[in-house]
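Enquirer: Please model the complete structure; the sequences and the hints are all you need to start from.
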Amino acid sequence: MWLNNVVAGLTPGATYAIVGVLLTLMSQLTRVVNFAQVAVGMFGGYISLTLVTKMHLPIFVGVIGGILVAALLSALLGWIIATWLAEASTSARSAVTVAALLFLISLAFILFGYRNQPFPTLVAGPMFTLPGGAVVSKVTVLVIGLAIVITVGSWAFLKFTAFGVKLRAVSDRQMAAELLGINVKMLNVSVWSITGAIAGLTVALVGPTASNDYVTVSTLVIPGAAAALVGAFKRMDLALVGGLAIGAIQGLFSGFPNLLIVRDWVPIIFIILFLLWNQRKEVWDVAR
Amino acid sequence: MTLKLNDVTVSRGVGPVISNVTLEVTPGEVTTVVGPNGAGKTSLLESLSGVIGISGGSIELDGVDISKMSRRRRSHAGLAHVQQGRMIFPSLTVKENLQLTASTKADMDGALALFPELEKRLDSATVLLSGGEQQMVVLARAFAAKPKYLLLDEMSLGLAPVVFLRLIPIIEQIAKTGVGVLLVEQFAHLALKIASDSLVITSGHVSYHGPADALLKDPDLLKKAYLG
Amino acid sequence: MLRVRVASQEKWWLPLAIGGIAIVVGILIAVIVPADSLFRPTTILVASISLMGLGVVTGTAGMIALCQLSFAAVGAWIVEWLSVNDVWGNIFGNFSFVVYMLIAGVGTAVIGVIVGLPALRLRGVNLAVITLGIAAAFDLTLQKTSFPALVGGKHIARPFGLGSDFGGDRGIFIFAVVVTAAVAIGVTYLQHSRWGSSWKSVAFSERSTASAGTSVQFAKLTAFGVSAFLGGIAGALFDSQITQANYSSFSPLQSLGMYVLSAVVGSHLIDMALLGGILFVVIPWILQLLKVPLEWSTVVFGVLGIQALTTGSNLGTDIRNAFRKRRGKALVPVEVGIASSEAVAAVQIPRGTGKVLLEVTGLTVAFGAVKALTDVNISVEEGTILGLIGPNGAGKSTFVDALTGFLPQHGGTVTLDGISLDKLAPNRIARVGLRRTYQQDRVPPTLRVGAYVRFVSRGQSSPTEIAEILQFFACPVASTPLSLVDVGTRRLIEVAASIAAKPKVLLLDEPAAGLSHEEHIAFGDRLRQVPSRFGVTILLIEHDLDLVRSVCSSLTVLNFGEVLATGSQESVLSNPDVLKAYMGETELL
Chain A
1 MWLNNVVAGL TPGATYAIVG VLLTLMSQLT RVVNFAQVAV GMFGGYISLT
51 LVTKMHLPIF VGVIGGILVA ALLSALLGWI IATWLAEAST SARSAVTVAA
101 LLFLISLAFI LFGYRNQPFP TLVAGPMFTL PGGAVVSKVT VLVIGLAIVI
151 TVGSWAFLKF TAFGVKLRAV SDRQMAAELL GINVKMLNVS VWSITGAIAG
201 LTVALVGPTA SNDYVTVSTL VIPGAAAALV GAFKRMDLAL VGGLAIGAIQ
251 GLFSGFPNLL IVRDWVPIIF IILFLLWNQR KEVWDVAR
Chain B
1 MTLKLNDVTV SRGVGPVISN VTLEVTPGEV TTVVGPNGAG KTSLLESLSG
51 VIGISGGSIE LDGVDISKMS RRRRSHAGLA HVQQGRMIFP SLTVKENLQL
101 TASTKADMDG ALALFPELEK RLDSATVLLS GGEQQMVVLA RAFAAKPKYL
151 LLDEMSLGLA PVVFLRLIPI IEQIAKTGVG VLLVEQFAHL ALKIASDSLV
201 ITSGHVSYHG PADALLKDPD LLKKAYLG
Chain C
1 MLRVRVASQE KWWLPLAIGG IAIVVGILIA VIVPADSLFR PTTILVASIS
51 LMGLGVVTGT AGMIALCQLS FAAVGAWIVE WLSVNDVWGN IFGNFSFVVY
101 MLIAGVGTAV IGVIVGLPAL RLRGVNLAVI TLGIAAAFDL TLQKTSFPAL
151 VGGKHIARPF GLGSDFGGDR GIFIFAVVVT AAVAIGVTYL QHSRWGSSWK
201 SVAFSERSTA SAGTSVQFAK LTAFGVSAFL GGIAGALFDS QITQANYSSF
251 SPLQSLGMYV LSAVVGSHLI DMALLGGILF VVIPWILQLL KVPLEWSTVV
301 FGVLGIQALT TGSNLGTDIR NAFRKRRGKA LVPVEVGIAS SEAVAAVQIP
351 RGTGKVLLEV TGLTVAFGAV KALTDVNISV EEGTILGLIG PNGAGKSTFV
401 DALTGFLPQH GGTVTLDGIS LDKLAPNRIA RVGLRRTYQQ DRVPPTLRVG
451 AYVRFVSRGQ SSPTEIAEIL QFFACPVAST PLSLVDVGTR RLIEVAASIA
501 AKPKVLLLDE PAAGLSHEEH IAFGDRLRQV PSRFGVTILL IEHDLDLVRS
551 VCSSLTVLNF GEVLATGSQE SVLSNPDVLK AYMGETELL
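Chains as they are written, first to last, in the UniProt record's numbering: chain A, 1 to 288; chain B, 1 to 228; chain C, 1 to 589.
No lab work stands behind these hints, which were simulated from the structure alone. Just so it is clear, the structure is predicted and the values come from calculations on it, not from any experiment. Even glycine gets a Cβ: it sits at the ideal position worked out from N, Cα and C. Among the hints, a few may not be true.
Result set (DSBU-like, lysine-lysine): computed pairs, CA atoms no more than 30 Å apart in a straight line [what the hints assert, rightly or not]:
1) Lys159(A) - Lys223(B)
2) Lys4(B) - Lys185(A)
3) Lys176(B) - Lys95(B)
4) Lys580(C) - Lys11(C)
5) Lys371(C) - Lys217(B)
6) Lys146(B) - Lys159(A)
7) Lys193(B) - Lys185(A)
8) Lys234(A) - Lys371(C)
9) Lys291(C) - Lys193(B)
10) Lys176(B) - Lys185(A)
11) Lys138(A) - Lys54(A)
12) Lys185(A) - Lys217(B)
13) Lys159(A) - Lys105(B)
14) Lys502(C) - Lys224(B)
15) Lys95(B) - Lys185(A)
16) Lys423(C) - Lys281(A)
17) Lys120(B) - Lys291(C)
18) Lys223(B) - Lys580(C)
19) Lys95(B) - Lys159(A)
20) Lys4(B) - Lys68(B)
21) Lys185(A) - Lys68(B)
22) Lys580(C) - Lys281(A)
23) Lys234(A) - Lys223(B)
24) Lys4(B) - Lys176(B)
25) Lys291(C) - Lys54(A)
Beta-carbon label-pair distances, calculated as ranges [to be verified]:
26) Glu570(C) - Leu276(A): 53 to 59 Å
27) Ala125(B) - Val110(C): 46 to 52 Å
28) Glu570(C) - Lys217(B): 24 to 30 Å
29) Leu111(A) - Asp65(B): 47 to 53 Å
Expert: Right under this line is the structure:
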């Protein structure tokens, strides 16, 4: 029984993990906590929905179109921030994405309407059954797989490609990188577009399983950010584990109807405590 | 073909930190700017590479006015700025640090030839190197970019004198390959020893401009320029 | 409109007067406007109060809090619970709602302080994420538990026995006007009090706040508490208007919207909070009249928000600047040169009383394996100026940090006039009488000169003394905004403020950097007089040897974290080791 609940929590957990990993990447490489991360992907998701249901294009064309739109939107937002807030603090840069989140949500309401529309299903059905009767669906396996692939892939990309080395250099010391002639703005915008595309892909996969109203999905950025906080916006591996753990804990608690309210508070309190411990030495705002 | 500062003034906050500096850096030679700390030497270099803007005068690189260019374009035009405080990329390995500027194998080998001791450190994270080795990485990285002009800011900062002594002949060697080196140092004697032209800056003003050996030969002149 | 600025002590009544006028205007509106049109104006006031709260925590204290409507929900919940159970109805009668509202405000403030606790270690965007997470969790809880009135299928009684009809709406509007005016007056006084100064200071620099003797924790938690109090009052007022709250009015998304709106208008200013409230209500209303989908208003807010947050500007500041320009009173940078002010009579380099005031023994600081300071012994004699010099990276600033409590792990002991400072926090050390200034600009530009000096001096100097000290250092007059003062002069103001705090010993960390050479000399002339004139002993870190020579009673040289030489000026400056440290190891050549 409880195992079933934990497994059920893994699909949302893996989604949190993907969002958490994307937010960690963004924070490390472009100095932004992107509150509009999922909203951009969701916008792409609605575009593919429109392409498929209204314009009767094949599903895969629609999905790819949606992913492209998500990448473009994200790149545009990144370009705005890289142009006008090139040397601003992380907080100032991130605050812009809060406004962008509101903008995207309301624009989606206008363009796509209020009613929840079913997403085209890419995968469905059970994958296998665990001993004890817990059923693991294909989507669960796929999303967890995607989370791992994104984490390992990003790590390998940053580690082994020349592009990745440049990104890490910019992340270490932006000014020194600029002085070496590295095009920081172009690198920034490409990270924005890539994470936007991955967000679009994730929504395309998870969309059919989640409640797909725009606000609910866009606010997945909150548990996603919680997962990223587990890795202090620095470590993708911890963000991955954090996301899965938050999902599993929520799933576990859903088995106890008396504890439903506690369930909603467990992740955030857990993360506050973890961060307080983790940042216990950060007594002052600046090093000197 | 020189790097030329015409009457450059740099302001931070409201007041100028550098006033009316005119200076020419010649390829193949070391030009040094010395002076007590806080005099504005670092601001001078930063205005050259574009870290901060200038509020008066102009900067020309081989006849082209670069004073309005972005940092990236100045770098492509042939400026390399080694900032104060060993600006390694800590999470990158030594090799990765060098790869950022070395576009060919030959560039890489050329840079490593300056500091053979880096060879066995190629795959360690730069953050784990000693201060001296980190400074070598930064210098090698700047050299691998094949700059026309190399700006060096306080290489001695936080290094034991012996380590700094090791770097001095390398700087000379780099200049001999045809690079114009502008060396900013608080420790005047070592810098003056390898420089041809020299500038003493105190409180943002040029208090001496002339041949380096004149300062070396006349310690009183230097002491006066430094301590007032 | 409550456009309040307390420029001087004499105008302390101004906010009260403007508040009073606002109430009269509000009542006139209530009489003229048809009662059935007063629902929206009430909502404007509710939103304004909520925005004023964000103006405190985010606009003034610089902490991004994304849960303002959760606070409003707490306030609404408390007031509903008290009303539905009619706890003290028989005691307070028609005034019971007012009592309930105050309790709701205080209760929410307590919650706000708890929510603010993570802010003591988490900053910037981490804190933003945490507060948004709290808003989201709170929203889920509200969805499940709902509000007391809704659960019981009741409506709460409106205050003063007002009915639920349009006539009641008129009464509620007047009530809201009075509450808003009271809140605005309170916020104005708070913004100009020590609390307000500490919020502005902590937004700019936590370290300098502590060095001014103020607890950073206290500043942050009061900002959260006041902000939550206002949120709670707004929620309670909202409930008196609608009489039955629903969770959907307080969603996290709306908290985000409030935050963006607050940033767009600059809601730390009272009139702009009111404008924000108007925009919050009027834009959707116009769209509704034009039969345009309501979401366009959020699109508009989103675009305005992106614009405001990328350019770092807000309507409030822009409007004020435009207004000043039209009146020909554009704000221009203040130019005061200490060098150009009148000459000061020649004063001898101070000689001490012979009593050791500050004693540092065996001070050792290590960062990991690197020793920044090794066994440093320094004693400062009362009434003198001790110069601490040394090349870059010698450990001078580390020395100041260790003495003032920012490196509690240091080895060795520090005593000030017999009191051990080793276990004290930075703000306690400042209060005991060891003050410091900073090498970097740490003077909050959002304050005015006078407010800053009052904040730093903590009531140790009378207004006349403060004016005298400011004049002595040729600082701009008290009403000058610090944002118009250049960095060099800001640091002079920092020195003047620290002296006004009348510490026993003042550590000056390169106070004259950013001043011209002539100003250096003029500054030195003033500094020499400080020990005798203000009774403050000084430890001066400086690299301009001209200045050091002209003011210091004795010198200590640091090199590679160790004391290289100490003694009189002549003996130290002629020491060959000192020359070497300054100009390089000549004999190595």
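Enquirer: Against this structure, judge whether each hint is valid.
Expert: A quick look at each hint next to the structure:
1. Lys159(A) - Lys223(B): 51 Å, violated
2. Lys4(B) - Lys185(A): Roughly 29 Å between the alpha carbons, so the hint for Lys4(B) and Lys185(A) holds.
3. Lys176(B) - Lys95(B): 25 Å, holds
4. Lys580(C) - Lys11(C): 59 Å, violated
5. Lys371(C) - Lys217(B): 37 Å, violated
6. Lys146(B) - Lys159(A): Roughly 25 Å separates the two Cα atoms, so the pair holds.
7. Lys193(B) - Lys185(A): Violated, because 41 Å separates the two Cα atoms, which is more than 30 Å.
8. Lys234(A) - Lys371(C): 29 Å, holds
9. Lys291(C) - Lys193(B): Since the Cα atoms of Lys291(C) and Lys193(B) sit roughly 81 Å apart, the hinted pair is violated (cutoff 30 Å).
10. Lys176(B) - Lys185(A): Given pair Lys176(B), Lys185(A) is violated - Cα atoms ~35 Å apart, limit 30 Å.
11. Lys138(A) - Lys54(A): 28 Å, holds
12. Lys185(A) - Lys217(B): Violated, at about 49 Å.
13. Lys159(A) - Lys105(B): 20 Å, holds
14. Lys502(C) - Lys224(B): Distance ~38 Å between Lys502(C) and Lys224(B) Cα, so the pair is violated.
15. Lys95(B) - Lys185(A): 24 Å, holds
16. Lys423(C) - Lys281(A): 17 Å, holds
17. Lys120(B) - Lys291(C): 73 Å, violated
18. Lys223(B) - Lys580(C): Given that 30 Å is the threshold and the Cα spacing comes to 12 Å, the pair holds.
19. Lys95(B) - Lys159(A): Holds, at roughly 12 Å.
20. Lys4(B) - Lys68(B): 14 Å, holds
21. Lys185(A) - Lys68(B): Within the cut-off at roughly 18 Å; holds.
22. Lys580(C) - Lys281(A): 38 Å, violated
23. Lys234(A) - Lys223(B): 50 Å, violated
24. Lys4(B) - Lys176(B): 20 Å, holds
25. Lys291(C) - Lys54(A): 26 Å, holds
26. Glu570(C) - Leu276(A): 53 to 59 Å: 54 Å, holds
27. Ala125(B) - Val110(C): 46 to 52 Å: Check passed, 48 Å falls within 46 to 52 Å.
28. Glu570(C) - Lys217(B): 24 to 30 Å: The hint (24 to 30 Å, Cβ to Cβ) holds, given that Glu570(C) and Lys217(B) are roughly 27 Å apart.
29. Leu111(A) - Asp65(B): 47 to 53 Å: 49 Å, holds
Consistency note: the structure conflicts with the earlier hints numbered 1, 4, 5, 7, 9, 10, 12, 14, 17, 22 and 23.
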